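Residue numbers (UniProt numbering), protein chains in the order written: chain A, 1 to 414; chain B, 1 to 414; chain C, 1 to 414; chain D, 1 to 414.
It is possible that some hints are incorrect.
For identical chains, the list gives no copy identity; a pair is met inside one copy or between any two copies.
Stated by the list, open to error - Listed next, the in silico SDA-like pairs over lysine to any residue satisfying Cα-Cα at most 20 Å (straight line):
1) Lys272 <-> Pro305
2) Lys268 <-> Pro305
3) Lys62 <-> Tyr315
4) Lys150 <-> Ala123
5) Lys67 <-> Ile331
6) Lys100 <-> His146
7) Lys100 <-> Glu119
8) Lys102 <-> Ala123
9) Lys102 <-> Arg116
10) Lys224 <-> Glu172
11) Lys102 <-> Met148
Just so you know, the hints here were simulated from the structure itself, not pulled from any lab data. Remember, it's a predicted structure, so these values are computed and weren't measured experimentally.
Number of protein chains: 4
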Amino acid sequence: MSDVKEYCGLFGIYGCEDAAERVYYGLYSLQHRGEESAGIASTDGKDIICHKGMGLVSEVIKPPMLKSLKNPIAIGHVRYSTIGSSNIGNAQPLVVDYYKGKVAVAHNGQLTNAKRLREEFEANGSIFHTTSDTEVIVHLMAKPLHMMQKNLSLLLQQLRGSFSLLFLTPDEMVGVRDPHGFRPLALGRLNDGYVMASETCAMDQVGAEYIRDINPGEAVYIDKDGIRSEYYCSQKYIKPAFCVFELVYFSRPDSKIYGESVHLFRKKLGAKLAEESPVDADVVISVPEGGNSAAIGYSHASGIPFDRGFIRNHYVGRTFILPEQDRRHRIVELKLNALKETVEGKRVIVIDDSIVRGTTSKSRFGLLRKAGAKEIHVRISCPPHRYPCYYGIDFQKKGNLLRLIAHQKKFDNF
Amino acid sequence: MSDVKEYCGLFGIYGCEDAAERVYYGLYSLQHRGEESAGIASTDGKDIICHKGMGLVSEVIKPPMLKSLKNPIAIGHVRYSTIGSSNIGNAQPLVVDYYKGKVAVAHNGQLTNAKRLREEFEANGSIFHTTSDTEVIVHLMAKPLHMMQKNLSLLLQQLRGSFSLLFLTPDEMVGVRDPHGFRPLALGRLNDGYVMASETCAMDQVGAEYIRDINPGEAVYIDKDGIRSEYYCSQKYIKPAFCVFELVYFSRPDSKIYGESVHLFRKKLGAKLAEESPVDADVVISVPEGGNSAAIGYSHASGIPFDRGFIRNHYVGRTFILPEQDRRHRIVELKLNALKETVEGKRVIVIDDSIVRGTTSKSRFGLLRKAGAKEIHVRISCPPHRYPCYYGIDFQKKGNLLRLIAHQKKFDNF
Amino acid sequence: MSDVKEYCGLFGIYGCEDAAERVYYGLYSLQHRGEESAGIASTDGKDIICHKGMGLVSEVIKPPMLKSLKNPIAIGHVRYSTIGSSNIGNAQPLVVDYYKGKVAVAHNGQLTNAKRLREEFEANGSIFHTTSDTEVIVHLMAKPLHMMQKNLSLLLQQLRGSFSLLFLTPDEMVGVRDPHGFRPLALGRLNDGYVMASETCAMDQVGAEYIRDINPGEAVYIDKDGIRSEYYCSQKYIKPAFCVFELVYFSRPDSKIYGESVHLFRKKLGAKLAEESPVDADVVISVPEGGNSAAIGYSHASGIPFDRGFIRNHYVGRTFILPEQDRRHRIVELKLNALKETVEGKRVIVIDDSIVRGTTSKSRFGLLRKAGAKEIHVRISCPPHRYPCYYGIDFQKKGNLLRLIAHQKKFDNF
Amino acid sequence: MSDVKEYCGLFGIYGCEDAAERVYYGLYSLQHRGEESAGIASTDGKDIICHKGMGLVSEVIKPPMLKSLKNPIAIGHVRYSTIGSSNIGNAQPLVVDYYKGKVAVAHNGQLTNAKRLREEFEANGSIFHTTSDTEVIVHLMAKPLHMMQKNLSLLLQQLRGSFSLLFLTPDEMVGVRDPHGFRPLALGRLNDGYVMASETCAMDQVGAEYIRDINPGEAVYIDKDGIRSEYYCSQKYIKPAFCVFELVYFSRPDSKIYGESVHLFRKKLGAKLAEESPVDADVVISVPEGGNSAAIGYSHASGIPFDRGFIRNHYVGRTFILPEQDRRHRIVELKLNALKETVEGKRVIVIDDSIVRGTTSKSRFGLLRKAGAKEIHVRISCPPHRYPCYYGIDFQKKGNLLRLIAHQKKFDNF
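Okay, chain A solo, but in the shape it has when bound (with noise of 0.2 Å):
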């Protein structure tokens, strides 16, 4: 899934004494949403303090940041990007003053008017420091007209696209989900205080207890006074369409997203598949991490029994640079190696998550057949994609139709 862009990780604590050391946890569990940049805002009720760069968790935050970060409410956000449009101009939270004083946004999804929204803006005099859509956000929170509300609803109204934001003052965090529900944002609990996360599984990692999700449509305000909600728009707008691409690969198998437990759906995924698609074989295999869930969905389902086939390199990551660049197929091989013992004279299911360009595909069952398989069936959990996407998931250009082949095709070549 290596050309969709827009994915990125949100994460908020209120009322936690060391809350941005929290989020820091917290982001770890959300790495795997955007490795590109990260940041933690926080605030003492006065300032806000806002560190972030580009890279990992790890990379842009050490520990001596976070000790002065000691602040009872802090956000923090992951940011994936392909190569090349990477900047650390575009990386959030981004902080601005303006007349009530400073603000922090951490921005999940794509805004589909920002471009018609900034040109009015620049006509009437305003100024962009990046090319990121969420600028718009805080030009909207600035305008005369919109200082005077006592909520965010008019701002939001203005917005069309996906989105869920969250939103930090010295005194407030609010978070907020777009009419469409388009990306997740889940609410819990911690002690006195309050939790949001894109995924849950990063409100396990600093021990709080999940709610429920911030419904599509809905603003939810936390301050001294404790937490509302709000619908900032008629019902009429609210139509939830959530992106499926969460629950078949974006999201940990051990998060719930949109009130659903990640691991269960793959798993239904997989039953289902073999149901649709049955075939006798001799062993169900998952190309890991993204396939093992459904995988095992489908061994369940079939009967027909689950094991390794192939073994992935741990250490082939993020900064592996090959000696020599025309050999860039090497780094498939190096990341997972089949299972000769698994596969080796046998009919063989391989179930994985995706196909985006197939080249990767075409390499990975390749080793399957040099390991000895006697037949290889492939089954695709991700369900056809028929559709164009403008809400984050970038398809138009190639992935599109590669997508919709994944049913279609026979894999003759393979």
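With chain A fixed as given, assemble chains B, C and D onto it according to the hints.
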């Protein structure tokens, strides 16, 4: 297994245009055998060039170095060590000059007579640059008596303890295994050349084909005249005594060790556990990665379904530093999260490969209890450890006792 | 002079194939004006690319970046700051998007009405990303009223305080000096193009020829139609008031500042000291580098021979960290050593450019006493400082008084 | 002097609570003698701990290391090398284990019989870890014959060539100078302890007092019983032949070398040049820093005023990398700028310490011509070099000839 030391990885290639680059790939596959230091020595038939340093292969060896190493013979080494004893001087391959020219040595194992030999050498005027027992080997090599020999037999007969060795001279590569065969060393073919490796998974990596293990007491010499095997000691000293920990947890599941598939061996351990210690339960889970193969074996043998019970955070790595020193238990929770949906209200059998100090295990099983497991049945695939080991596994201090209790004590306090 | 802040270096080139690379060289010559951050913005006529960061020019700008900046127009900036206030957000050039497109600004000086302007902007709905007063300038630029202007006059009339500015748009470079001419900015010619620089030494560096200073109250516009000068305010507001510290210590001796050779000016200060405060002595020495020119001037005027009295250790730099925090006085001794052979038994006149807190000076003169000087006569080339400065030199806290005592107090305790 | 190799700096302290930390400061003062590698070895009376590595003292030795070195005896070393031959294995002090325990050696100089001794050792079964000639010394030390001696005389008699040495054992520090006294080594007192240093400026640094030079052929032993001096060879072999380059450019002007003030020596060279090669001129300038002392000497002797003719950019350092490889001449211009006000229309005498290849000098004098000098009279303070040197100064390849022409050739083409 964090307090076991002195296990290392060896990889060598003879007769391949880009030997150094392939050794680099091979070491990537052996990285789990040693994260402390890495090194590659190669020769163009005249000089020996060595790059080594502290850290992972990817940190120590950079692509431009490999370009300067376009040599047909190369050996590499990765080294493990407990914190504190790490030392750049002990990084291998060890390269020295002696009367016959340059020689490089890479060693996996521990000599039991190194101290005595060293004292003899020092009494005769020799100097030592490192604290490594490997340095004794090159001193032996340089002895005029040994230099006159046409092979290494006389030298190798002096060594006691465990040693798998690779030697590199400008025109020869030699692989050696001690008379007990304590540590593994396998021989493979790569086109017209040869490969030697601690584990066969590294052969898969470079496209080599496993031929057989170097035998206990055997030295295999490879030069321009081909390959020849010699037993350097008389048959009566050859008493195979393989280290069980290789099969139980050191090695990668996709390797053959002592001619045996590691994955299948661990599955058999799991099956044996199911037979020895059956229990009526709902689900079998593993502590990843170590327990994966045995858990599948247990599941297949018992008929109790296997499922994922822990999710591992792959971003929690070697360099992870906790903001607060006194919260070290946090690291366990950051690394693994229990999968509530799998264990809640269930009778759970959890398979791990070992219990060392017990503290980490206790934290892990605690996660299951917190996630709502009704019953937790722990099964450890490693057989009980009854006697201390003097061949490179350091159990003398504390691991010893704890390992013994692993099969005696009831885990009431978990 | 370690507690003076807000002095920076500007360098811009218009009409030269490798403008960005030459700006890089120019900034090298201006590095002494600011070690905190560095940046270069350049344009290809369409977009503006900016590389900036914390640190020295050589740390921030890497050769490969310059290759991607093969643009005919470029401006650069180096920035000084006291420890603690440093902040990547304040690094310059500041590049923003507004209605007309992109613009980059580099600023040397300090606006006295920045706070008021900022409050007005915020009251009208603007947001601020930095704490720098320079951001006010780009907000002014984006005001619809100002955008309609054909030049920057209306904008520049809003600014109060000290400002030498360079603007870069995709087709134009503009240089501006405030009506007092507080900070320098010089104009030069480079082949068919133009150069603007804080100091002329940077012009020497790129092979440019000094034409003249930008005048107080003047804006110089350079585009494809050539160069044109405009005074943006009426003559009555133009009241030259140059910062004396530029001549006394900020600038390099090989620069012309305010049309005056820095080296000759300092020699004249030395000669004046010889006239004002003569003393019968054996040798004139300087505290290097600051006192060198004045000491030569003093020597020439008084006829007392100049010699080297201190030797500076050039390895004691910015990044020097003392092993023990409580031995900070050691750093003075590491930086300078007294030359016993020059001062022992002699009556020594020592010339320095300034005394700030007095503690460093005290340590230095103590070295001379230890080296055996019979008499130590201190002469400071900087004239007495009687009033606070609101244009970028921060003496309010402590420097003020100390500087005054420099000419009143007898140095009995040295 | 960029192609002279094998000059290094030595510094040792005996009998001072924080010896390692003071050696650190001392090495800072000797940094100009070697920028390639640095190291400190110290002892607590039992073990020897050594920290060394490639780079500057400040890069290699970090404050926390010094805390672990709170030992009363320590020696340190900085090493120079031409690019390419640098090698971590050759960093010093060299620390080895031998029969008597641990010993550390630091060496400044070059042995002329190292190759022969090495071959003898190898023929007898010794191994070598480095390419450094210093390793021969520790092999000699470990010879049973030498071990039986109560002092080092027998060992030192085997050495030929140039060697100033510091030895450190757990209870003793020894300083040695070769019978020619080729390289300097001075003895000083620090409270109740002793200091040995290549240059006395390092003694000033730690507050030590210069006593005298170690004499040619002398070994000075310091242990708990005090200090004792021995001549290790008979008087007939002691033939002082000091390296003139120490006085002419290696050493710092604030050092005493061979009992002589470097600054005064260079002033005398300048005075001698004024006498030997007088010329009617307006101003004397120097190429900083090397020519400073001689230029002052020339000025004082000739009565022609000294002034600053070049300004050096102190930011152009070791790590400077030019954006374009083919513009290497730029580096000269970046480093030095001619001071037009000093030289324009003047008859200029320019003093430098040496001319090596001539290319750099040519660029520099060209700057003066460009700055408008009417006449340029070059005077070089280094005496002509007529014969090759085998004691550590490598002129064989090209420096030799060029240095000779420095006093023969008319510089018509400058």
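Problem - Status of Glu172 relative to Lys224 across identical chains (alpha carbons, at most 20 Å) - result: within (8 Å within a copy, 52 Å between copies)
Problem - 20 Å Cα threshold - placement of Tyr315 relative to Lys62 - result: Only across copies: Lys62 and Tyr315 sit 15 Å apart there, 23 Å inside one copy, limit 20 Å.
Problem - 20 Å Cα threshold - placement of Ala123 relative to Lys102 - result: between (24 Å within a copy, 14 Å between copies)
Exercise for the section: Classify it for me, Lys67 with Ile331: is the Cα-Cα distance of at most 20 Å met within a copy, between copies, both or neither? Expected result: Result: close only across copies, 18 Å inter versus 39 Å intra.
Exercise for the section: Measure nothing new, just compare the shortest in-copy and cross-copy C-alpha distances for Lys100 and His146 to 20 Å and report within, between, both or neither. Expected result: within (11 Å within a copy, 26 Å between copies)
Problem - Intra- versus inter-subunit Cα pairing at 20 Å for Lys150 with Ala123 - result: Classified as between: cross-chain Cα gap 17 Å, same-chain 27 Å, threshold 20 Å.
Practice task
Using 20 Å as the alpha carbon limit, work out where Lys100 and Glu119 are close: within a copy, between copies, both or neither.
Solution key: between (24 Å within a copy, 11 Å between copies)
Exercise for the section: Check Lys272 against Pro305 for me: Cα-Cα at most 20 Å, and say if that holds within a copy, between copies, both or neither. Expected result: both (16 Å within a copy, 18 Å between copies)
Exercise for the section: Could you place Lys268 and Pro305 in one of the four classes (within, between, both, neither) given a Cα distance threshold of 20 Å? Expected result: both (17 Å within a copy, 15 Å between copies)
Problem - Intra- versus inter-subunit Cα pairing at 20 Å for Lys102 with Arg116 - result: Close across copies (17 Å), not inside one copy (25 Å); limit 20 Å.
Exercise for the section: Tell me, please, which holds for Lys102 and Met148 at an alpha-carbon limit of 20 Å: within, between, both or neither? Expected result: within (16 Å within a copy, 31 Å between copies)
Comparing the model with each earlier hint shows no violations; every hint is respected.
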